[in-house]
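Colleague: Letter by letter, the chains look like this.
Protein chains: 2
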Amino acid sequence: MIRADPLPAATRYRAVVAYDGTRFQGFQRQAGETLTVQAVLEAAIERVTGQRVTLKAAGRTDTGVHATGQVIAFDVVWRHTPADLWRALNANLPDDVAVHSLAEAPPDFHPRYDARSRVYEYTLYVAPARHPLLDRYAWHVPVSQALNNQMMQRAADLLLGTHDFAAFGQPTQGESTVRQVFCSQVQTLPAPPPVTQLLRYRIEANGFLYHMVRRIVGALVRVGSGALSLEELTRALEGAQGDWPNQAAPARGLCLIAVTYE
Amino acid sequence: MIRADPLPAATRYRAVVAYDGTRFQGFQRQAGETLTVQAVLEAAIERVTGQRVTLKAAGRTDTGVHATGQVIAFDVVWRHTPADLWRALNANLPDDVAVHSLAEAPPDFHPRYDARSRVYEYTLYVAPARHPLLDRYAWHVPVSQALNNQMMQRAADLLLGTHDFAAFGQPTQGESTVRQVFCSQVQTLPAPPPVTQLLRYRIEANGFLYHMVRRIVGALVRVGSGALSLEELTRALEGAQGDWPNQAAPARGLCLIAVTYE
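If you're matching them up, the sequences are chains A and B in order.
Taking the working numbering, the leading residue of the first sequence gets 1, the next gets one more, and so forth.
Taking the working numbering, the leading residue of the second sequence gets 1, the next gets one more, and so forth.
Calculated from the structure, these hints are not laboratory results.
None of the values given here were measured: they were computed from a predicted structure.
The beta-carbon is built from N, C-alpha and C at its ideal position, and this holds for glycine as well.
There are no misleading hints in this set.
Reference listing, derived: stretches of chain B covered by chain A, where coverage requires no fewer than 3 residues with Cβ under 8 Å from a Cβ of chain A:
1. 9-21
2. 93-103
3. 131-137
Use the sequences and the hints to build the structure in full.
Modeller: Written out as structure tokens, the structure reads:
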């Protein structure tokens, strides 16, 4: 009689992933030959474990958006330590994607549904000309004078709390456009000459509508340049969309910084 | 009798140039199809002015080295303002090269021979894995523990003043390997998690040997990890080369920050 080893059970792993989004068509795997972060990660997992998986992620970042704190989960059979899996994955990923950390997770852990909040940062700079060493991860704002960052912070303050953000984007799932914002902060960073101003906007919320952060940044910059008043912003937050110019800031300045869990 | 306008005289212009060196085979134009920063700048000048020039530069940065303060000079006939020339050049340059400023210069201005000093910065980080958003402009140092940055600063202090740097590289021109170092400083920057340590080394000198900054950084990192003693570094500075391990740090972390003039 042949005694077979019982089929080993798969373990759920949770990992924090960072990527430079420049050359990717967003995070989420698509049909065909499209280059996505998810496809690159799943290919590395398959090379290392021999198992084809479909991973889950906390946020589906758009084309050109970066991340330092994306959270993913996947199930594989792995006979070595999590540290071995982490090392093997990094050795099989391209230079612009890395696994920052990796650990075992409860079998029902879901990076999107279990998330309490997401933190995004958006970096922008005002300068007489493009700055080649900032440009990959920041938006060169086309204004000739420094933005009024105090007005921008006052505008950012208006977003705090629970609001209907319908004027700032469509829901990615479900119907509700109400979101709760926990943090909304405009930081001034040291600007390398000849850059006039280097700003970073940080926002933490329980969820985001499609293009929401980029549309908020577009509005903040218009407040900072005097093209939009705090009253107009307040009206937009109260649901009056009208001729509200809902211009999204470019993807290059946006980075998913962290996802928090209970 | 035909009265021709006198042939207009060319004016010398001086410009501060920034570039992301990643895709270039260094600054200096080479024979053939090689992609260099100089060739890209000269092509933009020709497109804008219709004149083919050979520009002069303060420093010939190597393949993969970046700059935010490279200084160039060139002679063209230009009937509009320097601001117009600056705008036109930026409109004709690729995203990874920009002219930060441009002004008329005396006809005998030479960016290399007239320079009093050059300032370079080298950025490096210690982290358990590659950080995709730092990696383009910094060296991921392959050590498991944080470097001793106080020992590194003590080593950096040893370089101050006039020394024979023969152990740190060959001269790019002439015979002398003696250089005068005005500033040599190890800064600790805020490290984004999971990065253990983010360091920037700044050095200003009257001139640099070939690969000198990268070899100094290689030595500083070995001091910081305990692999090289201050005594060995002192001996290397006194001319004892022997089995001195002259490992250069990678190009990606290096940036030409400024060139100073009297």
